[in-house]
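Visitor: One-letter residues, chain by chain:
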Amino acid sequence: MPMWIVHAPEGVYSTEDKKNITEIITQFYVDTVALPRFYVVVRFDEYPVNSMWVGGVLVNDFVRIVVDHIARQMEDPAIRELCMSMMCEMLAPFTKDRGMRSEIHLDETAMDLWWVDGIKPPPPESEAEKKWALDNAPSPYELADAT
Amino acid sequence: MPMWIVHAPEGVYSTEDKKNITEIITQFYVDTVALPRFYVVVRFDEYPVNSMWVGGVLVNDFVRIVVDHIARQMEDPAIRELCMSMMCEMLAPFTKDRGMRSEIHLDETAMDLWWVDGIKPPPPESEAEKKWALDNAPSPYELADAT
Amino acid sequence: MPMWIVHAPEGVYSTEDKKNITEIITQFYVDTVALPRFYVVVRFDEYPVNSMWVGGVLVNDFVRIVVDHIARQMEDPAIRELCMSMMCEMLAPFTKDRGMRSEIHLDETAMDLWWVDGIKPPPPESEAEKKWALDNAPSPYELADAT
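As they're listed, the protein sequences go chains A, B and C. Under my numbering, the first residue of the first sequence is numbered 1, with each subsequent residue one higher. Under my numbering, the first residue of the second sequence is numbered 1, with each subsequent residue one higher. Under my numbering, the first residue of the third sequence is numbered 1, with each subsequent residue one higher.
Copies of the same chain look alike in the list, so a pair counts if it works inside one copy or between any two.
When the alpha-carbon atoms are kept at most 30 Å apart in a straight line, the in silico DSSO-like pairs for lysine-lysine are as follows:
1) K120 / K19
2) K96 / K120
3) K19 / K130
4) K19 / K96
5) K130 / K120
If you are wondering where the hints come from, they were derived from the structure by calculation, not from laboratory data.
Only chain A is shown next, with the shape it has when bound in the complex (with noise of 0.2 Å):
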């Protein structure tokens, strides 16, 4: 679900970093909802120079990263800000603590239309979703599970 677009400057992030952010990412939403671990889907759009402009002014010491939600929608503004702060805290080692700028947004899209590997995916917490986190792979499941 979580569609990550990293748009950074090419050749700052080893494959090492990339690892590294994308495991902490990953264990962001196994840790905090229970996500089935390859939901989490995280493209480096790395941009060449001259790509990036903030302000009219050509960077490239700067992050941008774009998210679309979708097997989860939070509802509580205080969950909101929350999530944000933890997102931007475990982020930092990757954006401010290396003298880079950096910004983030999330969009939330709507979860019927999302499917994975042709198969719509089961709801959240269903005894189905459960089964697709403990696999960390989609399969087939019976209408039963989907609650």
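Since the structure of chain A is provided, determine the placement of chains B and C on it from the hints.
Guide: Here is chains B and C on its own, set in the frame of chain A:
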């Protein structure tokens, strides 16, 4: 309207594949909701190795599709499910049948915040839209044809 | 806030063009809604030949712009139409006037799911936002200035 972004591993799709994929997608919208063909935009955004991570694991056999629907919104849950199911089926020859994992999600955005060639597109199924479909090109239209 | 992604053919815009385009876009938001300049992020995402398909046809003369509005939402339909019209007009020298086709759409996403440099941005037109605009940079602020 529909804006498709196909995140696919670099080189996995030939130009012929892309042509076939985009024709299938286009025809789907023409057949189901009579969209003008040129409304259907597909951007292949090929990712280099080291760029796509699923659950903290680097992958290179994964197609992640992100779609914005604009010119049509789907109200009926059954239609929404049918739409997702049909899309997955039509894409299967280019994903599952080739041994690749895939994931797709759609967002629906406001029709009035979408312009083509500097023109506000006519309402769904209006006379003006039918002309756009017939011409396969936008053109200025009279208010009388916007119904 | 506004996050612009400009899908343009590789090499079609010079650095000078990009500077002009991003200055025009930035000034638009400063003039109309007094945004801090650094809120305006523009990513040029240049596409290689073979990547952009419109209605099943490969194109290389097409600029597709995708925008997320975050810090301001537009309620009034007339304002929304005016906004789109102004944007298309200001972009015409870089699209239509150069013989390129173009398409743009905006999404509006939740302001509270957006943070800058680890800080929750202050409310629209608050004292803190005015300071951010004046400094052209984010900084911690007191709750008393968030009004």
